[in-house]
Amino acid sequence: MRPYLAIFGARFRALLQYRTAAVAAVLTQLFWGLLRVMIFTAFYAASTAADLPMTLAEVVTYLWLTQALLRLLPWQPDVEVEQLIRDGNVAYELMRPVDVYGLWFARAVALRSAPVLLRCLPMLVPAVLLFDMGPPASLGAAIGFVLSAFAAVGLSAAITTLLSVAMLVTISSRGVHVLTTSAVNLMSGAIVPLSLLPAWLQPAIAVLPFRGLLDTPLRLYLGHLPLHAAPMAIGHQLLWTLALMLVGRMLLQRALRHVVVQGG
Amino acid sequence: MLEHLRLYARYAATSVRSQLQYRASVLMSILGNLLLTGVEFFGVWALFDRFGQLRGWQLAEVALMYGMINIAFALSEAAGRGFKNFGAMVRSGDFDRILLRPRGTAFQVGAQQFELERMGRLLQGVAVLAYAVVQLDLLLDGPRLLLLLCTIAGGTCIFTGLFVVQATVAFWTVESLELFATVTYGGAETAQYPMSIYRDGFRRIFTYVIPLAFVSYVPGLAVLGRPERFGPPWLAWASPLVGLGFLLLCLRVWRIGVRHYRSTGS
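In the order they appear, the protein sequences are chains A and B.
Residue 92 in the numbering used here sits at position 92 of the first sequence, and the numbers go up by one each step.
Here the numbering used here = 1-based position in the second sequence + 264.
Only chain B is shown next, with the shape it has when bound in the complex (with noise of 0.2 angstroms):
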């Protein structure tokens, strides 16, 4: 495991290096990644501006659980870069070599890239939900800053693990499916909002059957002492834990997946 962690630092640090030698390059994309997702950013705060409340929550409230989402699915996005293109990798045969090496599959995939232009994703999540623990008096409150931290963790396991999915299709289908977008990026937007808001077969969805819910909506409910219920209290620091179940069914898949690959030979 640690020499796993060791490796895939040394993977990371190669790739950054490699980012930074266009210095400028990479700082200007990282900015307007900022800049794109503090767009939207600037659209919540508007609707709130305009409504004053959604449904009885404030805007600090939904920013912590936007917040937290934003950074997960940024870090996720950073690190699961060669899922994301890994249908190119399938095409053209390259899948063959990482094979032939004695690492995991999934992990020398993951490993590949480390994408710095995320970071403006992650600039925005951190800027949002910082602004709602301030807001919210969070500060010095120890247990509830773990917990948030805990549930960021969570979810990046979950966006990770549907990037892994996302990339075990291409095994089949040679290419990547544009419909994943609507659990990833879509998977994202919706947990942004408390999950009440949502009809119930979709609410049930990204419960169930994608647990976003428990890396937003359960454990924010926890963190903002709000009247409205999910399950049993301590559901609320189980709930990262899904999230690293999900990821391992994931890697399951994805072992499957492999078991199927055919190499395309060119």
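With the rest of the complex left out, here is chain A (with noise of 0.2 angstroms):
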């Protein structure tokens, strides 16, 4: 275990350096914040449909925390695992007296993590005082928050790694990503909060992992899952990531069985 927390640590601290980009990204999320608020708050304002199933009030905090966690998601793989790949200098990454898939795994929960920690304050902190978020639903919904988005970071990182095999199996590997973008966006509550989408995606929405990266924390923080259904669904969270990491392990070992290093 030792020298995957070493790995996390040192990628968690490299990526805590960047602040000027943070400073940037969080005014962006700011006014992407604010656009979406305007926008669903319009849709409130003159809708004539009965029985929503959020509140207005609940659907602008939640957007809050989406902008907060947004980095979170799995858009993009890990780029100097990529690069690695590209250059061929992946065969130094075998040689390592360590599991290559737990290497890349750390990578990826300190890519996941360290983000999000250092724009989550600055975009709360307005949100909350300017911008109508609310409280958390109870102190038990703020405690299942938290652990739902440890684990959503896990379900992240898993399927960034996932991509990160996916590259080494097919090198060019830009479908993958892009059809992983899409579902995640559409899945997770990225760009419309899930119960607010139609009844007949929700069976898909409720089996596949997405939701586990957004809409699980965001819900139990709101109250709308209460705490005895917070277990089923972390559960759900640490299934998936559990799936993932094994199909991932999986892909990996028989990629390296075959594995063409380019150039020398």
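Fair warning: there could be bad hints in the mix.
[Unchecked claim] Here are some of the chain B residues that sit facing chain A, going by a computed Cβ distance under 8 angstroms:
1) Glu267
2) His268
3) Met292
4) Leu299
5) Leu300
6) Asp313
7) Leu318
8) Arg319
9) Gly320
10) Tyr395
11) Leu443
12) Glu453
13) Tyr457
14) Tyr462
15) Gly465
16) Tyr472
Everything labelled a hint here was simulated from the structure, so no lab data went into it.
In this text, a Cβ means the ideal position worked out from N, Cα and C, and glycines have one as well.
The two chains are supplied separately, each in an independent frame; assemble them into the complex guided by the hints.
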């Protein structure tokens, strides 16, 4: 375990260095948050629809939390690992006395957590003070949110690593990335809060792993998922994380058996 | 002017040919771009499906503006690729070469690359606009269709102008500012919806500072014949010109930037 923790720590600290980029990103995210809040407010303002699954206040809080946690989503693979695979330096990676999957997974955990940590507070303070973001439903809801957010980082890292492994299998894996990103955007709640999506899509949303990236922690925060449902929800996240890790590890082992290192 | 157009066509054709060397990869990236932007429109559709309407606007009406803005944004993204990566050009000193050639600098930077990947968003925009035109029964309405085309041209000018200004900043900072994404991507997102739904300050910025309202909301009102009013009726027809004026202004700023350029010397 120690080497993986060390890799995570080194990567985490390196990623925390990009502070000016973070300031720009926070301002950009505030802009997007404000824009999205205004759009949803307008939809609610003259709505004739009965029995909406969320109140406007809940949606506003959901939107701000989405902006704060946005970098948690597995949009791109780890660019440095991608570069290693392109230029053949992945050979060095294989010579290290640690498990390659574990190495990449630890890097991915840092990649998905450090930027969120850096942006979270500066995003949420103005959101709460100026832009109507609400508090968690209860103390239990807050704890559930934090636990589930940690699980989301693991899930996101498992998907990220799977994307890296997919690169090793196909070299040009753009198709896989774009498919994943589209699915993540739609099915995690990043575009529209999941409970507002049409009913026929809900069964697919419930089964697939993507809701665990964003929607699950946010619903716990809002108290939409009551506390007694939290173990099931977090279990769904953990189960998918485990499954994707197993698939990733298996694919990696298969790929390594006939890996062709390009160049010299 | 004509000579510039011919030259631009040559530049673009070269760029397209080089991208087509990797046919499968280009096709994949176009489809990917279509899927990514298509998912976004699915979100808009889902909201209308849930709420029925947006402050009295129907899906087809919003789709009209959404389609125009996305077509315009895709075209300027494809054509303005050179401006988007301009920071790298300043850093590497490659801009020196452009200064030596006997054509305008902005023209050369802009013409450098025509990015086929953006055709995905273009396809999506065309599909959404086609849906709106059919739903709203505008298919045989010559003048209104003409206004739509002019508006798209104006919108392309505004977004291109924004990319030019974004690149100009690189003359001072040596890298492109991430914050500009708020007015480029953010501007596109904003102008997809009727301006009347936003707060005053926000609406004013996207009307008078970055005149995106004039290439979506204002002509949109005229085409749709909605009860909301913005200015006198002729303004809808003048608004594409606002786009051209904005682009010329941005090119002015660019010229100031070029004068300040100091090569990195590497």
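- Supplied contact hint for aspartate 313(B), tested at 8 angstroms Cβ to chain A: Given a least distance of 6 angstroms, the restraint on aspartate 313(B) holds.
- Task: Under 8 angstroms, Cβ to Cβ, is where arginine 319(B) needs to be relative to chain A, so tell me if that hint holds or is violated.
- Result: holds, 5 angstroms
- Message: Given tyrosine 457(B) as an interface hint, is its Cβ closer than 8 angstroms to any Cβ of chain A?
- Response: holds, 6 angstroms
- Item | Satisfaction of the leucine 299(B) interface hint, Cβ to chain A closer than 8 angstroms | holds, 5 angstroms
- Task: Have a go at the glycine 465(B) hint: is there a Cβ in chain A nearer than 8 angstroms to its own Cβ?
- Result: Since the shortest Cβ distance to chain A is 10 angstroms, the answer is violated.
- Message: Hint validation: leucine 443(B) versus chain A, beta carbon distance must be below 8 angstroms. Holds or violated?
- Response: Check passed: Cβ of leucine 443(B) comes within 5 angstroms of chain A, closer than 8 angstroms.
- Grab the minimum C-beta distance from methionine 292(B) to chain A and call the hint holds if it beats 8 angstroms, violated otherwise. Cβ of methionine 292(B) sits 5 angstroms from chain A, so the hint holds.
- Task: Have a go at the histidine 268(B) hint: is there a Cβ in chain A nearer than 8 angstroms to its own Cβ?
- Result: violated, 34 angstroms
- Have a go at the leucine 318(B) hint: is there a Cβ in chain A nearer than 8 angstroms to its own Cβ? holds, 6 angstroms
- Closest C-beta approach of glycine 320(B) to chain A relative to 8 angstroms, hint status: holds, 6 angstroms
- Task: Classify the hint on leucine 300(B) as holds or violated, based on whether any CB of chain A lies nearer than 8 angstroms to its CB.
- Result: holds, 6 angstroms
- Task: So, glutamate 267(B) near chain A? Judge it on the closest CB pair being under 8 angstroms.
- Result: violated, 38 angstroms
Going through the hint list in order, the structure does not satisfy hints 1, 2, 10, 15, 16.
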